[in-house]
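Please build the complex by placing chain B on the supplied structure of chain A, with the hints as guidance.
Quick note, the sequences are listed as chains A and B, same order. Numbering follows my numbering, in which position 268 of the first sequence is assigned residue number 268; successive positions increment by one, without gaps. Numbering follows my numbering, in which position 78 of the second sequence is assigned residue number 78; successive positions increment by one, without gaps.
Hints may contain errors.
Stated by the list, open to error - Straight-line C-alpha distance at most 27 Å; calculated DSS-like pairs for lysine-lysine:
| # | chain 1 | residue 1 | chain 2 | residue 2 |
| --- | --- | --- | --- | --- |
| 1 | A | LYS109 | B | LYS285 |
| 2 | A | LYS107 | A | LYS311 |
| 3 | A | LYS311 | B | LYS218 |
| 4 | A | LYS332 | B | LYS437 |
| 5 | A | LYS326 | B | LYS218 |
| 6 | A | LYS311 | B | LYS208 |
| 7 | A | LYS311 | B | LYS182 |
| 8 | B | LYS208 | A | LYS241 |
| 9 | B | LYS114 | A | LYS326 |
| 10 | A | LYS109 | B | LYS437 |
| 11 | A | LYS241 | B | LYS437 |
Think of the hints as simulated: they come from the structure by calculation, not from any bench.
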Amino acid sequence: MDFLNALVALSNFVLVPAIAYGSQLALGALGVTLIYGILRFSNFAHGDTMAFGAMIAVLVTWAMQAAGVSFGPLPTALLALPFAILGCIVLVLITDRLVYRFYREQKAKPVILVIVSMGVMFIMNGLVRFIIGPDDQRFSDGARFLIKARDFKAWTGLNEGLAIKTSQAITVVVAVVAVAALFWFLNKTRTGKSMRAYSDNEDLALLSGINPERVVMITWIIVAALATTAGVLYGLDKSFKPFVYFQLLLPIFASAIVGGLGNPLGAIAGGFIIAFSEVTVTYAWKKVLTYLAPESLEPSGLVQFLSTDYKFAVSFAILLIVLLFKPTGLFKGKVI
Amino acid sequence: MSEPVKNTLLFVVVGSLILLTGFTQSWNAAILILNMGLISAIMSIGVNLQWGFAGLFNVGVMGFVALGGLAVVLISTPPTPGAWSGGGYGVVLSLLLGAATVVAAVMVAQKMPKGRTRSFAIIGILIVGFFVYRAIFDPNVASIEAIDPAVAGNIGGLNLPVLFAWPAGGLLAAGAAWLIGKTALGLRSDYLAIATLGIAEIIIAVMKNEDWLARGVKNVYGIPRPAPVVGYEVELQQDPSFIARAEWFGLDPVTASTLSVKLGYSLLFLIVLLILLWMAQMALKSPWGRMMRAIRDNEVAAEAMGKDVTRRHLQIFVLGSAICGVAGAMMTTLDGQLTPGTYNPLRFTFLVWVMVIVGGSGNNFGAVLGAFLIWFLWVQVEPIGLWLMNLITAGMPDGSALKSHLIDSAAHMRLFTMGLILLIVLRFSPRGLIPEK
Chain A
1 MDFLNALVAL SNFVLVPAIA YGSQLALGAL GVTLIYGILR FSNFAHGDTM AFGAMIAVLV
61 TWAMQAAGVS FGPLPTALLA LPFAILGCIV LVLITDRLVY RFYREQKAKP VILVIVSMGV
121 MFIMNGLVRF IIGPDDQRFS DGARFLIKAR DFKAWTGLNE GLAIKTSQAI TVVVAVVAVA
181 ALFWFLNKTR TGKSMRAYSD NEDLALLSGI NPERVVMITW IIVAALATTA GVLYGLDKSF
241 KPFVYFQLLL PIFASAIVGG LGNPLGAIAG GFIIAFSEVT VTYAWKKVLT YLAPESLEPS
301 GLVQFLSTDY KFAVSFAILL IVLLFKPTGL FKGKVI
Chain B
1 MSEPVKNTLL FVVVGSLILL TGFTQSWNAA ILILNMGLIS AIMSIGVNLQ WGFAGLFNVG
61 VMGFVALGGL AVVLISTPPT PGAWSGGGYG VVLSLLLGAA TVVAAVMVAQ KMPKGRTRSF
121 AIIGILIVGF FVYRAIFDPN VASIEAIDPA VAGNIGGLNL PVLFAWPAGG LLAAGAAWLI
181 GKTALGLRSD YLAIATLGIA EIIIAVMKNE DWLARGVKNV YGIPRPAPVV GYEVELQQDP
241 SFIARAEWFG LDPVTASTLS VKLGYSLLFL IVLLILLWMA QMALKSPWGR MMRAIRDNEV
301 AAEAMGKDVT RRHLQIFVLG SAICGVAGAM MTTLDGQLTP GTYNPLRFTF LVWVMVIVGG
361 SGNNFGAVLG AFLIWFLWVQ VEPIGLWLMN LITAGMPDGS ALKSHLIDSA AHMRLFTMGL
421 ILLIVLRFSP RGLIPEK
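Chain A extracted, bound-state conformation:
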């Protein structure tokens, strides 16, 4: 019984939140890694792209709520998601046309593109603050929990409850669908194959008649869709605050690098590695250990390795370890 209680407590406080957070990071890291693979620079504006997409979703959700549209037990934001993706696609395509294309034609060094993306970051950040303001916005509605802790206790008769938020379940489902669609697209379709070819060897791809502008355009469209999805899911799970999205940049980049920049599979693995380490290291293990350890050995403190304020330090430490021992990442990124 104690073992089961420990297992449930572990799932409730570590596994479920980490899986949800990991899916959000994985979606974000996929966007970063795709841009890196095709356009060959680290996009510092990615966090703010997520914020922009999520902002449109928030606004559309509010409009729908005002108009009386609802999605039953599911959050209305899911209905708003397609509109948000469209809006975000328009924004990134305009940005690419006005800003990035010029440097692509010049064959500018990657670091110049990184600085350019910094300027784009400023502008997107300013836009988001200008339109919706810098404050916290809540936009989730519908049923809050898929499984309530109290119901779970009543069903199983255990001391510990397991609560799964609707947003967490939706995050995982949407992330699985999005990743499956992306991999199907990259591996099975002609366009997806041309993207991979372009990422592997630009010159060879050009010689085989692949239109680079088209590849770039499709990359941006996919990236915008992924970023918006990640942003909306994160916002549903926690809340929407523009500055938090900017701060997500660090764990997202850490995920992409840990997995190997430019490698989509690595981005997903990296997202979960970062999320699980972050949650395990900042979780107070007292409860779980109390169930497992014999009474004489029960821990006196909280058994928390780091306070939650240091969660960035976790992704950073993992990043440093990977850079020191395996700079290509776990899944061998394409370009070192």
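Just chain B now, with coordinates in the frame of chain A:
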């Protein structure tokens, strides 16, 4: 128009913009812009050293600036009575043990042959070291933080003159930069960017949460001033000779004293700026500076000529970060308080980058010019934005939601404008206002 004439004109233009602020708004505001401009100029010189000379992409300026601020508290504030005997030595001991753990793990990683034994040894050392460190660290921190938490609760400082804190801030920042540079340099340029982005966030997190160090988000107030140069308003207002001089200028003693204090800071900052600018210029012209630019322009060729690229990069990265640390210490001295909650990467990292790129990367005078210009715009865009919004919304009925939203949002014009300026300069004049020679 010849090169020097154009450059002088640019400086004159920026100078007159600040003077204009003095005539139209207030001299207090103008001198504030000047002071922060001087500090920003020093940060720009630091970033220019890294980016302009060596092509290193450092987005952790905020962290190094904050470390400079921390140094001010640790050097110049008086020690908290009882904090050292109560737990200070224990904390230092635990930190030393923590460092020893990391060093031991690194040594094992380097000395032992690769394999499972090595991995277990490293993990074992880290886990044991961590628990020993926490066992000593936690109780000592608790006892320090228990000392008079409303006004102290921190370890305090060394009670030295605040001017000593400026080089100390540089040293602290240099130490952090060395650690980061050691791991991230020699890899792709993007990796350094992300590593510095991370270290900056962590430095801020440490400063916010470690109350024993500098009171965290409870902030440290009343940091002593470099008094002999700057003085205190209250003392000046009672000094008869000062009042007489103020009357001669036609100012009342209160205004005159605030202006005099601020100008005292300006003088100090100007001296530091001129010294650093002179040093940066000498470095640029020296064989060392030429080597740096050679490495920047073609790493492979420089390496083939026998230059140790990674080592040189580490050197200049540490130097540039140290300069940012000095600037951070100066800024905290000017504020008279350390408020870790106010450090924002957009303001302290990315704005400095805009300064360097707009001014002209690779040219020290360009970096200085960019710093003054961009700081002036950063301060003035808000009132201009408000004025613009009032103009746009003038035709709208009072009390409409759109009107109030637009007017409220004027404050956020800053980031947008800065991004726009950066992109326009990068596109149409990538070498900046005063290009590298």
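(message) Need the list of violated hint numbers for this structure, in ascending order.
(response) 2, 4, 5 and 11
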